[in-house]
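Chemist: Those protein sequences? They're chains A and B, same order as listed. For the first sequence, position 97 matches number 96 in numbering that gives the first Met the number 0, and the numbering has no gaps at all. For the second sequence, position 219 matches number 218 in numbering that gives the first Met the number 0, and the numbering has no gaps at all.
Hints are not guaranteed to be accurate.
Given that identical chains are not distinguished, each listed pair holds provided it fits within a single copy or across any two copies.
Stated by the list, open to error - Simulated pairs of lysine to any residue, SDA-like, Cα-Cα distance not exceeding 25 Å:
hint: 1; residue 1: Lys33; residue 2: Pro89
hint: 2; residue 1: Lys171; residue 2: Glu36
hint: 3; residue 1: Lys47; residue 2: Pro201
hint: 4; residue 1: Lys260; residue 2: Asp146
hint: 5; residue 1: Lys106; residue 2: Ser294
hint: 6; residue 1: Lys171; residue 2: Gly29
FYI, nobody ran anything at the bench for these hints, they're computed from the structure.
Next come the chains, spelled out residue by residue.
Number of protein chains: 2
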Amino acid sequence: MSEITLKQYLSNQKNTIDKFLISELPKVRGLLDKLIETMRYSVIIGGKRLRPILSLIFTEIYGNVNESAIRAASAVELLHTYSLVHDDLPAMDNDDYRRGELTVHKKYGEAMAILCGDALLTLSFNWLSHQDIKPETSIKLIRILSDASGYSGMVGGQYIDMYPDEMPFETKEEGLLNIHKLKTAKLFSAACEMGATIAEAPEKDIMHAKNFGLELGLSFQMIDDILDVISTKEELGKSIGKDKEQDKLTFVTLYGLDKAKVMAGESIQKAINMVKDLPHPYLVKLCEDMANRTS
Amino acid sequence: MSEITLKQYLSNQKNTIDKFLISELPKVRGLLDKLIETMRYSVIIGGKRLRPILSLIFTEIYGNVNESAIRAASAVELLHTYSLVHDDLPAMDNDDYRRGELTVHKKYGEAMAILCGDALLTLSFNWLSHQDIKPETSIKLIRILSDASGYSGMVGGQYIDMYPDEMPFETKEEGLLNIHKLKTAKLFSAACEMGATIAEAPEKDIMHAKNFGLELGLSFQMIDDILDVISTKEELGKSIGKDKEQDKLTFVTLYGLDKAKVMAGESIQKAINMVKDLPHPYLVKLCEDMANRTS
Numbered sequence: 000m001s002e003i004t005l006k007q008y009l010s011n012q013k014n015t016i017d018k019f020l021i022s023e024l025p026k027v028r029g030l031l032d033k034l035i036e037t038m039r040y041s042v043i044i045g046g047k048r049l050r051p052i053l054s055l056i057f058t059e060i061y062g063n064v065n066e067s068a069i070r071a072a073s074a075v076e077l078l079h080t081y082s083l084v085h086d087d088l089p090a091m092d093n094d095d096y097r098r099g100e101l102t103v104h105k106k107y108g109e110a111m112a113i114l115c116g117d118a119l120l121t122l123s124f125n126w127l128s129h130q131d132i133k134p135e136t137s138i139k140l141i142r143i144l145s146d147a148s149g150y151s152g153m154v155g156g157q158y159i160d161m162y163p164d165e166m167p168f169e170t171k172e173e174g175l176l177n178i179h180k181l182k183t184a185k186l187f188s189a190a191c192e193m194g195a196t197i198a199e200a201p202e203k204d205i206m207h208a209k210n211f212g213l214e215l216g217l218s219f220q221m222i223d224d225i226l227d228v229i230s231t232k233e234e235l236g237k238s239i240g241k242d243k244e245q246d247k248l249t250f251v252t253l254y255g256l257d258k259a260k261v262m263a264g265e266s267i268q269k270a271i272n273m274v275k276d277l278p279h280p281y282l283v284k285l286c287e288d289m290a291n292r293t294s
Numbered sequence: 000m001s002e003i004t005l006k007q008y009l010s011n012q013k014n015t016i017d018k019f020l021i022s023e024l025p026k027v028r029g030l031l032d033k034l035i036e037t038m039r040y041s042v043i044i045g046g047k048r049l050r051p052i053l054s055l056i057f058t059e060i061y062g063n064v065n066e067s068a069i070r071a072a073s074a075v076e077l078l079h080t081y082s083l084v085h086d087d088l089p090a091m092d093n094d095d096y097r098r099g100e101l102t103v104h105k106k107y108g109e110a111m112a113i114l115c116g117d118a119l120l121t122l123s124f125n126w127l128s129h130q131d132i133k134p135e136t137s138i139k140l141i142r143i144l145s146d147a148s149g150y151s152g153m154v155g156g157q158y159i160d161m162y163p164d165e166m167p168f169e170t171k172e173e174g175l176l177n178i179h180k181l182k183t184a185k186l187f188s189a190a191c192e193m194g195a196t197i198a199e200a201p202e203k204d205i206m207h208a209k210n211f212g213l214e215l216g217l218s219f220q221m222i223d224d225i226l227d228v229i230s231t232k233e234e235l236g237k238s239i240g241k242d243k244e245q246d247k248l249t250f251v252t253l254y255g256l257d258k259a260k261v262m263a264g265e266s267i268q269k270a271i272n273m274v275k276d277l278p279h280p281y282l283v284k285l286c287e288d289m290a291n292r293t294s
């Protein structure tokens with residue numbers, strides 16, 4: 000495994016996830032066609048599959064990747080996709096492009112985008128309750144993912160992001176860290192924790208995976224804030240400059256571009272230090288690569 | 000138990016559910032306040048709690064109602080509430096009133112309504128994965144509820160209802176039955192099936208509960224169609240006459256009011272026949288009561 004490049008490794012992992020998604024998502028076959036087409040469109044149009052890949056990596060570290068591990072990782076991607084579909088809605092971030100393609104509501108209409116997101120979210124928990132996965136493990140995965148993505152996680156983060164004036168934090172710095180932790184980092188954290196959980200890693204290692212995911216997720220969001228300023232629409236595949244336009248609180252608007260870059264570098268380094276001794280040939284490389292991403 | 004009236008029985012059961020919801024829903028305590036307020040508003044403003052009550056009834060038939068049974072039944076109500084919040088959105092059915100109160104988006108805004116629904120849906124599965132419930136049972140409940148409420152269930156039904164021209168059915172009659180089955184009856188069915196499952200009823204009894212719930216849910220939706228025409232806004236607590244206004248396919252628009260009433264009566268009778276021999280003092284009465292409901 001260590002003889003291929005990081006790029007090849009990521010491509011293989013992405014293929015594994017994509018193959019599963021394409022085969023396991025409901026298929027257009029005469030009933031509910033447009034809804035299913037919309038679900039497939041939203042999931043299949045792209046994405047780096049970073050969250051499910053992190054999940055698979057932690058399964059590789061502590062065990063073997065089998066069908067259950069791939070299913071669980073793919074469920075994280077379904078959940079991530081639903082959040083993008085709903086976040087892009089006119090009442091939310093109002094984005095027209097995502098991954099270089101029209102957003103779901105631009106292509107299929109607003110009602111369809113709402114329903115598509117609802118269906119993906121529900122399907123995510125449906126997949127996690129699949130009989131392939133041991134009941135005890137399955138329940139743990141559902142608990143981890145629902146904790147990370149509900150009101151006290153991703154949805155809560157999106158809420159504070161939408162209504163910054165409602166923030167109870169004393170400083171903007173503290174508020175921003177909380178937005179990013181809830182909105183982005185908790186799902187990264189859940190992905191890593193789920194990967195270790197499905198491999199039945201010792202509890203302390205599962206907690207370590209969880210903590211690492213949180214730090215990596217924070218770095219990811221810092222870099223996202225930076226890319227919104229320095230990248231191009233072509234490279235990023237979505238509208239850029241929206242944070243400033245929508246007067247969003249981001250690492251760049253709060254600290255300025257230079258300081259944000261330094262902070263992102265420090266956060267990535269912290270994440271790397273947490274996993275540099277783990278037996279995986281690509282995890283540290285993936286972190287380094289993320290620090291240098293342009294899309 | 001058999002000495003109290005049906006009304007008293009339903010009131011007791013509703014209190015049990017309401018008490019659980021009020022105590023277990025997240026509380027406003029300085030973080031995420033408005034989101035949590037919105038979630039509590041949407042759930043607590045009312046409703047007859049019919050779905051969770053059906054769930055408790057089937058637990059009573061085959062076992063004892065404990066904290067787990069109440070939690071599972073309440074999770075069904077969370078899921079039902081999310082569906083109302085999203086269905087009321089301007090891009091969907093565009094309703095201003097629900098249960099006599101302003102709908103969530105009218106009171107808190109559209110973004111908040113989307114997030115509130117997402118949070119309730121996620122919380123529903125979170126509650127079902129609670130450690131109080133045995134893992135094997137928990138997984139079954141999650142599978143039942145996610146099957147009934149996702150693309151091939153409630154969300155799918157809402158989709159066909161929104162886009163009737165996409166229906167693949169040869170006749171309108173067949174299409175209508177499918178809309179109502181998916182949109183309404185499957186969740187009733189899941190509620191009954193979950194109640195029997197948590198009581199660890201024999202498989203054939205669980206299937207019977209499921210089939211009964213489907214029939215009862217169909218009757219419920221037929222009556223809903225009728226009430227949209229013959230009831231008043233005050234009695235129903237929501238806008239009336241909307242089906243005709245929005246040119247919806249309903250039992251009344253398709254068959255006319257008189258025939259729709261006859262069909263609803265026949266459907267309720269069919270449901271009653273399915274449970275008249277079950278050892279529960281209120282289930283048949285509840286069905287009869289439903290046939291005569293005015294709200």
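Chemist: The structure should be examined with respect to each hint, and the outcome stated for every one.
Modeler: Structure-based check of each hint:
Proximity of Lys33 to Pro89 under the C-alpha cut-off of 25 Å is found in both arrangements, the shortest distances being 21 Å within a copy and 20 Å between copies. Within a single copy, Lys171 and Glu36 get their C-alpha atoms only as close as 42 Å, which misses the 25 Å cut-off; across copies the closest is 23 Å, which meets it. Taking identical chains as interchangeable, the C-alpha atoms of Lys47 and Pro201 are never at most 25 Å apart, the minima being 29 Å within one chain and 46 Å between chains. Taking the closest pair of Cα atoms, Lys260 and Asp146 never come within 25 Å of each other, the shortest separation being 30 Å inside a single copy and 45 Å across copies.
For the identical chains of this complex, Lys106 and Ser294 are intra-copy neighbours only, at 23 Å inside a copy versus 38 Å across copies, given an alpha-carbon limit of 25 Å. Taking identical chains as interchangeable, the C-alpha atoms of Lys171 and Gly29 lie at most 25 Å apart only when they sit on different chains, with a minimum of 16 Å there against 52 Å within one chain.
In summary, the numbered hints that this structure violates are 3 and 4.
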